[in-house]
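Take a look at the letters that make up each chain.
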Amino acid sequence: MAIHRPCGTFDRTYYEAKAIFRTRLQWGMITALILALYGIAFVMNDYLLGLSIVIFSFIVAMLGIQIITGYAGQITIGHAAFVGVGMYVLACVEAHLGWSWWVGMPLAGIGAGLISMFFGSPSGRLKELYLAFATLAAHFIIVYVISNWESMTGGVDGIWLSRPEPLLGIDFMVEHNYYLLALTLCIAMIYLAKNLARTKLGRAFVAVRDNDIAAEVMGINIFSTKLLAFGIGGFFAGIGGAMYAGYNEYVNVEFFPLMDSIWFLGFLVVGGFGSIFGAICAAVLWKCLDEMATLMTPVFSQILPGLAFYVTASFSLIMYTLIIVIFLVLEPRGINHRWNIIKASYRLHPFAY
Amino acid sequence: MEQIIKLIVLGLCMGGIYALVAVGYVVVYKSTKVFNFAQAAMITVGAYALYQALIVWSLPIWAAVLFTLAVGVALGLLVERLLMRPLIGQPILAPIVVTLGLMLLLRGVILMIFGGQVYGYGEHFLPLGAWHVGFVTLPMIQVYAFIISMVAIFALIQFYNRTRMGLAMRVTHEDHVVAQNLGINVKRVFQYSWVIACVLGVISGMLLGNIQGCCVELDVTGLMAIAAILFGGLESIGGAIVGGLTLGVLQMLTIGYLAPLMPGEPIMMVPFAFMLLILIFKPYGLFGLVRIERL
Amino acid sequence: MTTSIRNITKHREQRYSYGLTLLREEMEKKYPMPKEEDVGKKVVLKGEGINLAFGGLQALMDINFELKEGELLAIIGPNGAGKTCLLNVVSGFYRAQEGEIYYRDRKITHMSSHGIAELGLCRTFQNIALYTGLTVIENLMAARHPHIKYNFLSGMLYFPWASDEEVRQRAICEDIVDFLEMDAVRNHVVGSLAYGLRKRTELGRALALEPRILLLDEPMAGMNRDEKEDMARFILDIYEFLKIPVVLIEHDMGVVMDVADRIMVFDFGKQIAEGTPDEITVNPKVISAYLGTEYAGV
Ligand SMILES: Nc1ncnc2c1ncn2[C@@H]1O[C@H](COP(=O)(O)OP(=O)(O)O)[C@@H](O)[C@H]1O
Ligand SMILES: [Mg+2]
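Protein chains in written order, with the working numbering: chain A, 41 to 393; chain B, 15 to 309; chain C, 56 to 353.
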């Protein structure tokens, strides 16, 4: 399927051909959207702000697994642990070195990137399923280390940390200011990810995903490309973790159970493999559903008093799996593909194709 | 010395169950080329089904076991028909995601029905008590579990080697298309494999539930058994058995010697560390077949 | 074939005005075009005593070959003779148990595959091995990978120079697409293209990698006569315009006899004959390999 563009749009230069937003209308819409997202901060209540901040953090983390699995094709079942490493690097930097969030956040990204690279290094020889095993093992090992290295991580008690220090007179203890910070970071990371995807390294990632042997013979060093994928993906995971931990002001090993690693992978499929938009959709959908499950708790506790906690937990487990399975069966290419079809049919209207 | 022998014997007993779980993974992988992460959850299902029949309904043992096996068969049929068949031919990620999801789905269903408490069978299932052989104390449930696991695996091997269906399954292991062309009903083979795997899963679930108690975290034990498969590669039943036994022994030795030196519960981590090491040094398992790539 | 494809090409007026010029400029910046006196004499690729075995199967047995500057070498032989294996050994995908490979006096036997590709040994594959999820243009851009100069950080931040470099590289790739007459499908995902077009994309991808030697593994397999002629024309155009030596594996004798300067014949991992097309047609060993021993004496 060729890519459909808005009618009457012709490229005169290659600059135009590779632009993300090609027409004025597209530029207008994206500007309006971003402005609206910024503006909305001042009308939302703390609850909604909190939810949005969580969504922003998970969008960034989801971009990470999109890079590792969606673009570079390296299946990982340990992504939540990489996010957790980010949280803990930030927490340790704050707790032990006394540095601020502003230093800790990039360090969290770098730390998670390095750990992710370390556990991704078997990808030089492992593929697909075997790599999935290795990353699964990585998840358990990371969780074990974090929950038992008490002098550093405080063991199962977790660590308290603080919000970013005020910058330019903006106090991030105020919810909507933190929202603005998270939104800005999130947009910046989306921008980075999108550029990564459309430039040299992004193409190398997809080459490795689609045909790694051919990629090697066609001049791409697949081992370093895979390592970079893990490194960059881990970096995104770490930044996402730092955003989340900063908001919560607390971290704990329970924040990244194996379940989350699986949901990262599952919702990635729901959002759409190998697309930035898909990753964003995936994170939004996941966290909104999470919130829905929590909101249902009072309802459940009325119907089934005593069992409400378990019902909530099991409700999300069952619902997510069903959503993922339904998508895999009916639309394996995810929300992103659906959205492209909708756009194409709008542009081609009144013709069917 | 006594200590070592004790640990090895206990490890072998535990390893028997690992072997059973591992064989469950292998059976499905061999015929469908899908790695069934949800095998881990079949264990939990088996454990809870037996609890339901034996304790809640107070059925006699034979009826309770039959009920559990029936649950396994039904689960296998359902999973194959509803989840896996629509995914035939999709890229490798799809079955991985679905089986992982299924693992969580089953966990969710169990949480919904039973809540999060830990249950035990008390003395209603395998006899408690212990035998004393020389200086080694053998808990009876462990020994019985080992024997039952080995019998189940032996039955499976006999099934492969002695029956028509077993033959068809062995053909399918080699090549789906060839099998189809030979007139073998490949879908039926898939169905059988899932059913067998689920039955093996619930059997190991009953045994593990007896030893460790019924809790939703039993599936992590199932995931540990993946380390066992990496001994012989994903396609070798013999490898899975040896791997399971080795894993059990290794785990017991770690508990005996390493655990005091390490913080927390390394017993959980050991199989995974072991798994990672095997993967790093022998990407296709210690004795696995190397996959040939061509251009 | 009555009229030789090669002659048609030679006597046709130059059609290079709209194809490959950017690529050629790019390549000339890096190394000079081969000198006239080297053509047909200077050895650019050499294999010595290559032995390759898979377990008990001897896929290549003591193979020696030389490829000279500006030469079109064809390799023929029945299926399973080991032709593809030889290319795989050259591009470093298989490691020969014995033997050395030299590229312009440089030993490349132990180099990594991507290193060999960066040197300019570019190839196409018998069983199409494209990046199925990318469009035609993106496939070529992905092959430009070693030649794109910015690093990934400036790519992620999209600095102006990265953007300019993208456009420059894109122009080169579009040029190749024009040359291959694939402009209509340039934005199509290759997974959905027809077989012939995919083969052509493979050729384009090898070109985008700036070949100094082009290794083509059955580029015309499974094509009809028109498509074969197209493909032969492309190969000859590349060969003459970029002045690079070409190794061509092909089963179609008509094409091979028409275009090749020299032919090497393989059978069961052994090199059974070598020579000009005319010599090969009368070589008894070749005839026996292809038609059976009873014809060899005739
Ligand atoms: N990776 C491999 N493992 C085992 N045998 C191989 C491998 N690659 C090629 N072969 C064998 O080597 C021989 C030569 O194959 P090939 O070079 O593909 O022949 P062709 O001349 O048709 O291109 C064949 O018998 C093939 O089966
Ligand atoms: Mg071949």
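Careful: at least some of the hints might be erroneous.
For lysine-lysine, the following DSSO-like pairs were computed, each having C-alpha atoms within a straight-line distance of at most 30 Å [said to hold, decoys possible]:
| id | chain 1 | residue 1 | chain 2 | residue 2 |
| --- | --- | --- | --- | --- |
| 1 | C | K96 | A | K58 |
| 2 | A | K58 | C | K101 |
| 3 | A | K167 | B | K47 |
| 4 | A | K167 | B | K20 |
| 5 | C | K162 | C | K96 |
| 6 | C | K298 | C | K96 |
Calculated directly from the structure, the hints in this document are not laboratory data.
Hints and how they fare:
{"no.": "1", "hint": "C:K96 with A:K58", "verdict": "violated (45 Å)"}
{"no.": "2", "hint": "A:K58 with C:K101", "verdict": "violated (42 Å)"}
{"no.": "3", "hint": "A:K167 with B:K47", "verdict": "holds (15 Å)"}
{"no.": "4", "hint": "A:K167 with B:K20", "verdict": "violated (39 Å)"}
{"no.": "5", "hint": "C:K162 with C:K96", "verdict": "holds (19 Å)"}
{"no.": "6", "hint": "C:K298 with C:K96", "verdict": "holds (14 Å)"}
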